[in-house]
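J.: The lines below spell out each chain.
2 protein chains.
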Amino acid sequence: MKDMEIPKATAKRLPLYYRYLKFLFDSGKQKVSSTELSEAVKVDSATIRRDFSYFGELGKRGYGYDVESLMNFFGKTLNEDILTHVALVGVGNLGHALLNYKFHQSDSIRISAAFDADPEIGGRILEGVPVYPVTELVQQVKEQKIEVAILTVPMEAAQPIADQLIEAGIKGIMNFTPVRITTPDDVMVQNVDLTNELQTLIYFLSHYK
Amino acid sequence: MKDMEIPKATAKRLPLYYRYLKFLFDSGKQKVSSTELSEAVKVDSATIRRDFSYFGELGKRGYGYDVESLMNFFGKTLNEDILTHVALVGVGNLGHALLNYKFHQSDSIRISAAFDADPEIGGRILEGVPVYPVTELVQQVKEQKIEVAILTVPMEAAQPIADQLIEAGIKGIMNFTPVRITTPDDVMVQNVDLTNELQTLIYFLSHYK
Numbered sequence: 000m001k002d003m004e005i006p007k008a009t010a011k012r013l014p015l016y017y018r019y020l021k022f023l024f025d026s027g028k029q030k031v032s033s034t035e036l037s038e039a040v041k042v043d044s045a046t047i048r049r050d051f052s053y054f055g056e057l058g059k060r061g062y063g064y065d066v067e068s069l070m071n072f073f074g075k076t077l078n079e080d081i082l083t084h085v086a087l088v089g090v091g092n093l094g095h096a097l098l099n100y101k102f103h104q105s106d107s108i109r110i111s112a113a114f115d116a117d118p119e120i121g122g123r124i125l126e127g128v129p130v131y132p133v134t135e136l137v138q139q140v141k142e143q144k145i146e147v148a149i150l151t152v153p154m155e156a157a158q159p160i161a162d163q164l165i166e167a168g169i170k171g172i173m174n175f176t177p178v179r180i181t182t183p184d185d186v187m188v189q190n191v192d193l194t195n196e197l198q199t200l201i202y203f204l205s206h207y208k
Numbered sequence: 000m001k002d003m004e005i006p007k008a009t010a011k012r013l014p015l016y017y018r019y020l021k022f023l024f025d026s027g028k029q030k031v032s033s034t035e036l037s038e039a040v041k042v043d044s045a046t047i048r049r050d051f052s053y054f055g056e057l058g059k060r061g062y063g064y065d066v067e068s069l070m071n072f073f074g075k076t077l078n079e080d081i082l083t084h085v086a087l088v089g090v091g092n093l094g095h096a097l098l099n100y101k102f103h104q105s106d107s108i109r110i111s112a113a114f115d116a117d118p119e120i121g122g123r124i125l126e127g128v129p130v131y132p133v134t135e136l137v138q139q140v141k142e143q144k145i146e147v148a149i150l151t152v153p154m155e156a157a158q159p160i161a162d163q164l165i166e167a168g169i170k171g172i173m174n175f176t177p178v179r180i181t182t183p184d185d186v187m188v189q190n191v192d193l194t195n196e197l198q199t200l201i202y203f204l205s206h207y208k
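So the sequence lines, in the order shown, correspond to chains A and B. Taken in order, the first sequence gives residues 0 to 208; the numbers are from numbering that gives the first Met the number 0. Taken in order, the second sequence gives residues 0 to 208; the numbers are from numbering that gives the first Met the number 0.
The hints are simulated quantities; they were obtained by calculation from the structure and are not laboratory data. Any given hint could be a false lead.
Intra- or inter-copy, both count: the list cannot distinguish identical chains.
Pairs of lysine-lysine residues, derived as DSBU-like cross-links and limited to a Cα-Cα distance of at most 35 Å, are as follows [said to hold, decoys possible]: (1) K7 to K21; (2) K144 to K41; (3) K41 to K141; (4) K101 to K11; (5) K141 to K30.
The structure presented is a predicted model; accordingly, all values stated were derived computationally and were not measured.
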């Protein structure tokens, strides 16, 4: 993570830009100004222009951006043309909801395999996704050459399952557990801690009214 | 949001510190060093010391921190002693999973009312939470004086429902839809965009290997 050309904050906004551009394109719009874009995605236009500047000359100031070419550019940057297969471990309430989750407007993300410790669930197909017994995790992830995993297991299983995922070759983990898992340097973890998000919101409400 | 004494990044780490301290306390531990804390929550110890410095003298360097008093301090800061009632709008797959979600180790957050447009669901009690018809949203939120809401509705309903929530007095919205909703300055929005998180992770994997 040392030689990042693009700041993480910028990279995090790319899917947002991309989705809005796709929406505009689907609505038949051809041009968009940074002001319009700013209004829609709630990012100030100076930030948008700075973000875009990392990618070179994407449009002429005052003329607006060409929706289609910008969409294609960001789509390519985001690997939208490549299908990424994702494994999901832990088909509890949240895991099950994520199997159903559309990962909106993204045709490039597919949960291809799920795993659960419950023998009642393992071996079934849920929402079109095969659920394997968790004992087959390493083998299946290796065979299917999956590199990204979603972790929705109970707290106490987080680190042991993460270790298995890493052994199986996983390079990116979206971690929904509150546990901060330990991984080697070449494995990225994206923590999505819903309690944290809600507590932070409540904290700000009560302190900065 | 202009007169923030504490940086947002620090505030976002508070629930994390708090949860780990609670875990230590429950395990009977009395002292913790910033190095141990750093290991466990995966935040470098310089950042931890800087974060703590915003709250004054919390411990002596080299002696470690007192687990109980630090836990109590952060709990108080996070309003852990006050129960925050939360409304949830949209009891689809994700909404339903969140009704079940424990908001781990937090005794201070309770989803007290849910709303759904589906007449099949409205009027029932799900996971112990009353689900009202969405037509009663403004009235119920006002009556129950709820100020925080979780938004798990379909995209097209996001802005209209947000408008109703604001009319009802909601001051903080945890927005799970991919729509960037428009709100007045005194209403905070915390966007939790799962597609974004996953796409960002995939983007980093393919660009910074």
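J.: Look at each hint and say if it fits the structure.
T.: Now for the hints, and whether the structure bears them out:
| no. | hint | verdict |
| --- | --- | --- |
| 1 | K7 to K21 | both (22 Å within a copy, 31 Å between copies) |
| 2 | K144 to K41 | between (37 Å within a copy, 28 Å between copies) |
| 3 | K41 to K141 | between (40 Å within a copy, 28 Å between copies) |
| 4 | K101 to K11 | both (19 Å within a copy, 28 Å between copies) |
| 5 | K141 to K30 | neither (44 Å within a copy, 42 Å between copies) |
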